[in-house]
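Visitor: As a plain string of letters, each chain reads:
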Amino acid sequence: MKWRRRVAVIGTGQTEHTRKRDDVSQQELVREAARRALADAEMTPGDIDAVVLANMELFEGRALPELWCAEGAAGAGKPVLKIATGGTSGTSGAIAGALQVASGMFDTVLVVGFEKQSEGQTAAGMALTDPMWDRHVASAAIGNFALSISQYMAERGVTQEQAAKVAVKARRNAARNPYAHLQQPGLTVEQVLASSVLAWPIHMLEMCPTSDGACALVYAAEEVARRRCPRPAWVRAAATRHDHPYIGDLDRRLVTMRTLRDAAREAYAQAGVTEPLEQFDVAEIYEPVSYAELAWYEALGFCKEGEAGRLIEDGVTAMDGQLPVNPSGGVLSTNPIGASGVIRTAEAALQLHGKGGQRQVPGARLALVTGYGVYAWSDVLILSSDPG
Amino acid sequence: MTGAVVIGVGQTAYEAAKPHQAIPEMVLEAVERALGDARIGMEEVDAVVTASVDLWDGRTASNIQVTEVVGAVMKPEARVAGDGLLAAIHAAMTVAAGAYGTVLVAAHCKMSEGQHWACSNWAVDPICQQPLGLDFLSAAGLQARAYQARHGPGARHWARVVEKNTRSARASPLAPRGPARSAAEVMASPMIADPLRALDAAPATDGACVLILASPERAKSLGCNRAVALLGAGYACEPHYLGDRDLTATEALAAASRRAYAMAGIERPLGEVQVVECSEAFSYQELLWCEGLGLCGPGEGARLLEDGITVPGGRLPVNPSGGMLGGSPFVVAGLARLAEAVLQVRGEAAGRQVAGVRRAIAHGTHGPAGQHHSVVVVGA
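Chains A and B, in that order, are what the protein sequence lines are.
Numbered per our numbering, the first sequence spans residues 1 to 388.
Numbered per our numbering, the second sequence spans residues 1001 to 1380.
Just so you know, the hints here were simulated from the structure itself, not pulled from any lab data.
Check the hints yourself; a few may be wrong.
Covered stretches of chain B, going by a simulated chain A footprint (3 or more residues, C-beta under 8 Å) [unchecked claim]: (1) 1112–1126; (2) 1250–1258.
To give a feel for the contact side, a few chain B residues facing chain A, derived at Cβ under 8 Å [to be verified]: (3) 1082; (4) 1097; (5) 1236.
Computed from a prediction, not measured in an experiment: that's the story for all the values here.
Where is the CB? At the ideal position from N, CA and C, for every residue including glycine.
Turn these sequences into a full structure, and let the hints guide you.
Guide: Listed below in C-alpha cells is the structure:
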C-alpha cells in the first residue's frame, strides 16, 4: 500500500432493502442510510467534510440525482460528487471516498449508494447501454450472463446443482441479516432448479432480485479513526479494472474473468495476501447470479480453475466453512444497484467492527470486497483490523 | 498544493453539431491530442476518470462507449457523473493519495443529440419541481431576476458579457465559427426566460476535452517540462430547492473558492491571478460568478466589466477563450476552462493569450442556477 495516509471505515448504515419503498423518496432513502451510518460512527452531519454518492440514475429516469439527494446525505454546503460505473458504482464510490481521505483533502467522507429500482425499469435501462447492438437484442444482464455462463459451464464442468447451491447458501445467510431483501431461509436446490428459466441456464431463484435501498459508510483519516472508533476497518487495498464493452470482443469473459483476476492480484500484493482462502476471514463478493460466485472463486484464487464446484459442495464458503462468503446474503439476496457495492464494503467493515449480529463471523480481522459491473468491470477492496 | 500537475491538454473543436463523429471518435480525437501534448503514450497512463451524464447521452453507463478510446481496458476507471472540472479535482485527489502516478481525465457531451433543457428538467426534484417544468433555463431566469432586483445590473449589463465573449471566441481556434454579437443584438433577441433572451444563453455544442494529470515526481520522470501545477481546488453544493437558497449569494462558489485559494495561498485574487476562465451558461452568470469568486464585492460584477477589468487587455481578463457563451458544451465546460487556464499559464493560448500569466482560475458548475460549483487554481 502506497497511499499518502491511512484510511478506515468507522461507521456503516443501511436501509431495510425491499422490492418497493414507496413510503420514501430517493432523498429520504439516502437520508435513512446516512443517518444510521452517522449514528453508528457517533457523528453528526457537521463532522463530515465531503460526500460521495453512488447511483445509476438512468434506471430511474433521473439525471444528476446528487443535486436533489445530497441533502439526504448532509451534503448541503459541502463538497459532493457522484460516481456512476454500472454495478460497480458502489465499490467505485467506496474506493473514491477512501482515496479522497487518503489524499489529505478531507478527513472524513460519507459515501452513500442508493437505488430505487421500483421507480424505473432496469432491464430496459440496461439495454440502453449501446444503440448499435444491445438496444436491438435487449441483451441486458440476464442475456449476457447466459451466454458467458454456458461457456463457463462447458469449459469448467460446473453443474446446475452446484450453482443452485450458491443460491441456497445466499438465502440461508440472508435469513440472518435483517436488512436483506429476499428472505427464503428454507430454499432448496430442487426449488431453484424448478423455478422458471430466465435465459438458460439461469433460473429465477438464482438471479439477483430488483431492490430498493441505500447503504452508507463513513471514512476517516487515521487520526480521526483512532480517536473515534474502537475497531477501525482499515482500507488496505483498492484496485479496479475495466474491459472491452462488446461481448464478442472479449472471449471467455466469465471463464477467465481477467478483470477480477488482475484486480485481485494487485490488491493482494498491496495487502500482502498470498493465500486468500487461508488469510481472509470473510468475503463479501458481488455475485449477480449463482454461477458468477463460482467463477469469482476461481478468479479470486480461492481454488484452482475448475474446482469452484467442489468449494460450494464441501461447504468451504458456508457460514461455518473455512472462508464464509457473503454472510449478508450477497447480491443474490439484495440488489439496489448503486448501493450494492457500498453494501459489500459496509458488510465487510461491519464484520471487522464486530457488529455483524447473527451474521457475524467470529474474530474476523481480514475481509475481501469485490464489485462487478457492466461488462465484466471489477473492483477489489481489502479491509483489515490491522492498520499495516 | 493539491499534489498534482497537468502534463497534457487536448480539446476537440467545439461545434454546433458533429454528425461526422460518434461520441467515441470525438473523445479519441481529444485523447490523442492530450497524449501528443504530453508527449507520452497511452501505456504511461495509470488510471482514467471520465465525466459524462447518461441522460444527455441517451445511454446507460455512458462511459462504456469510451472505455476503449480513453485507454481504460484493463485499467482503473471511475466516472464522475457531473461537470468535467469536478472529475479533474477527483482525479487530482487520486494522484495526491498516491494511488496513481498519471490519470487521464476525459469529459464529453454531444448536446446536438439531445434536448438540453428537457434533460435538465429531469435533474430537479421529481416530486415538487419537475412537474412544474422547472429546468436549468427557467431556474436561470429566476436567478437573473433575483440578481437584478438585489443588485441592479440588468439586461444591458449582461448583454455586454455576450458581446465580450462572442468576440473573444472568434480569436479561439476551438470555438464554433459564429458571429460576434453586439449588446443590441442580444437585447433584440427573443425572450426565453424573462429577463433572459435567446442570446443570453450559451449555445448548444458538441465536443470533448481531455487532460492528463500526474504527480510532480512522475511528471519529472516522464520528462515533462511544461507541467502546470494544480495549486488549489475546492467544490461545494448548495441546497437543491431554489427557495432554500439565496440565488444572489453564490454560497457554494464562495466556499469552493475559499478552499481553493487557501490551498493556493491566494488572499486577493484580483491582484494575484492574471486570468479567470469561468462557466457562464448564461450571460448574467459571469457577473455573478465574478462576485462568488471574490474578484469583487456582492453586486459589483457589472462594475468589473464596465471598468474594463475583465475584458481582454484588462487587469484580470475573464474568459478570453469565449467561455461557455463562446461555445463550450455542458459537462465539458468546466474541464475546458481548466484546459484554457493551463494553456494560459504555459503561454500557449494562441490568439487568446493574456500577457504574463503566472496563475489562473478555472471554474465549473452544474445544476439549476449554479447549485454546484468547482474551482481550481493553476500556476507554473
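Visitor: Each of the hints needs a verdict: does it hold here or not?
Guide: For each hint, the structure was consulted:
no., hint, verdict
1, 1112–1126, "holds (count 7)"
2, 1250–1258, "holds (count 4)"
3, 1082, "6 Å, holds"
4, 1097, "4 Å, holds"
5, 1236, "6 Å, holds"
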